[in-house]
Amino acid sequence: MKLLLPLVFLLHSCSLFAGGPLVTSRDLPGWIIGDPDFYNAKQLYGYINGGAELYLEYGFRTVTAQRCTKAENELQVDVYEMVSVDAAFGMFSILRGTCAGTLPGARWSCVRPEQVLFAHDRYLVSVVAYDRSRETRDAVTHVAKALLKRAGKKEYQPNELFRSGPLSPGLQSLRFLRGPLALQSALPEWSDRFKGIERFEMEYSRFGDGAAETEAAIIRFRSRRDAERFLLQSNMPAAMKAKGWFVAKDGASAMVKDGKTVYYLAGGRAEKLRPRIK
Amino acid sequence: MAFSSRRAFLKKAGIGTAAAVTLSSSGARAAGGLRGDEEKTATNIEDALAYPRTEWSMPGRYPGTVIETYDAAAVNDGVIDAVRAAAMLEKSMRALTGIEDLAQAWSRFVQPGDRIGLKVNPVAGKLLSTSPALVTAVIAQLEAAGIPRRDIMIWDRREFQLHEAGFTPEAFPGIRIRGTECKDAEGGFRDANGRLYSEDRIDRDWYYWADCEDSYDEETLPYMVNEGKHSYFSSIVTREIDKIINLPILKNAGSTVTLCMKNLAYGAVTNTGRLHKPLWAETCAQVPCFPPLRDKVVLNIVDGLVGCYHGGPGANPQFILPYHRLLVGSDPVAVDRIGLSIVEAMRIEKNVQEKPSPRARAFLDLAQHYQLGIADLNRIHHTRIDMS
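Chains as they are written, first to last, in my numbering: chain A, 1 to 278; chain B, 1 to 388.
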């Protein structure tokens, strides 16, 4: 029995993201906690219709949706379980927007008066206030904190160059893009460069202001052929055979590693950054 | 606006019901750039194009004309000012028709005896759906033009989403609220025999055929109604209404928009899940080519009081904002083209993208190719009215 009790507690805690209730009455005393609705990949169109494609392209497992109410107060909780930490962060990076702050303990989080959004472990969590009352907004933050505690421990780790290297000024605006729909949604001006390339992963950031504005990207392709195609469509085919950085006439530059990974730099600080990335 | 059944027409015209054709080369060019150099998926678009056009066919009474009405006070602290919204609609109708008498302006599109369907978009819930305030204004002005409430229906694919977005019998007494996909009072999708209620609300004589398919599980099927290569038209559009007033909301879908064309195409047929990835632009342009939509949609009113510029078509509040405007026109393609410009400009202002994306308007170029309206900005007569 001594062994059984902790086991029951553990199972209860884990059940949060394995089909059990998302938000409990313990999280929001006095509120009516709605029954959770679950949608898997096949059912996602039923929940978010045309918005489903992007989640599916990143790699999606299930979403648990729950409505919480208290008289006129109302909030909505959506917990998307993605296939990986990367996928959860990728969706977060597209949906982040402008934030008023972050949630303590969640590096990849975004707090606004009407919403808390965070990516933690494989989960993308959105808690939205459906009314403008102070009580609902406080409840949103409270629920988000409660869910964060149960959302696992892993955090997305960007490439070292962004994490603590020369590209770290771009960390706050970092996006992780996987596939054409993510590109169409978050960086459509790059779509022509990726024409005919279905599978790729890219860490991308645009940072700095005015003349110092800089674009930095690290793109991992599935094949050398895709990398070649990207460089050709970016008007930098010679980068494939260059030793080190290839700099095009317009100042954009690329460097290829292992035949399938392309480093890209353009804009104000590219020239200074290139020597620091080898 | 009665027309013979699809089956009868095809028989007369000698068109095979299984006539699966690829896009014509010019159509493929119009959609160029959308899906690279891939071979296009075959559809039955030629069936649709074979139907003779009528006086009401898209682009309707005012081809290439778009009225954009703006009022900076239309939305205050996230709440729509219903009086101002109604005034914006009045102003738009007068400007579009050039007729000062409001009832006469509306009578350019609807007459007593018409059964009117208001096609709203409730899929993103309370935060980002066609606003009940605007729909209330439309109904009031229709009534003033002699249309009784019993002849007005608010419709969409999913009846329960209509309710969630505020389109309830209580809020709209005397107006029919109807969706193709529906539940019973207990929340079930099926009757005692296991048959989907929705099956009684589709018209198998009218369909969009495309050479792609998907399978759905038990949970998803009620939202799609059927599997296979056919997307059947809702009987709401084929049988229950004579004219459609299209009321989408100003929002993005990736770098493109989901406005008039998308609201019609994906809102009027079943089995749409299979169409999103391989045929998004084609579906938006081709489904409205079929007479139940092409010949019935008389007016498009884009609700841009509140909309979004990113994160759509779902409701992500961080990207929802007041646009404070309405877009009105009979030409859904022209209205969409102006709407796209507005959303693109906001995306650029908010640093979501750097410049307009040509791919975003591929569905509009294709719709123009099918003569549903005008996508070329240089040919659109765009009138801006500031009521602030």
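Hint data in this document are derived by calculation from the structure and do not stem from the laboratory. Where hints are given, some of them may not hold.
Below, a list of computed lysine to aspartate or glutamate pairs in the EDC-like style, where the Cα atoms sit at most 16 Å apart [said to hold, decoys possible]:
id	chain 1	residue 1	chain 2	residue 2
1	B	K355	A	D138
2	B	K277	B	D211
3	B	K350	A	E189
4	A	K42	B	D214
5	A	K42	B	D211
Verification of the supplied hints:
no.	hint	verdict
1	B:K355 <-> A:D138	violated, 38 Å
2	B:K277 <-> B:D211	holds, 13 Å
3	B:K350 <-> A:E189	holds, 15 Å
4	A:K42 <-> B:D214	holds, 10 Å
5	A:K42 <-> B:D211	violated, 20 Å
Of the hints listed earlier, those the structure fails to meet are numbers 1 and 5, in rising order.
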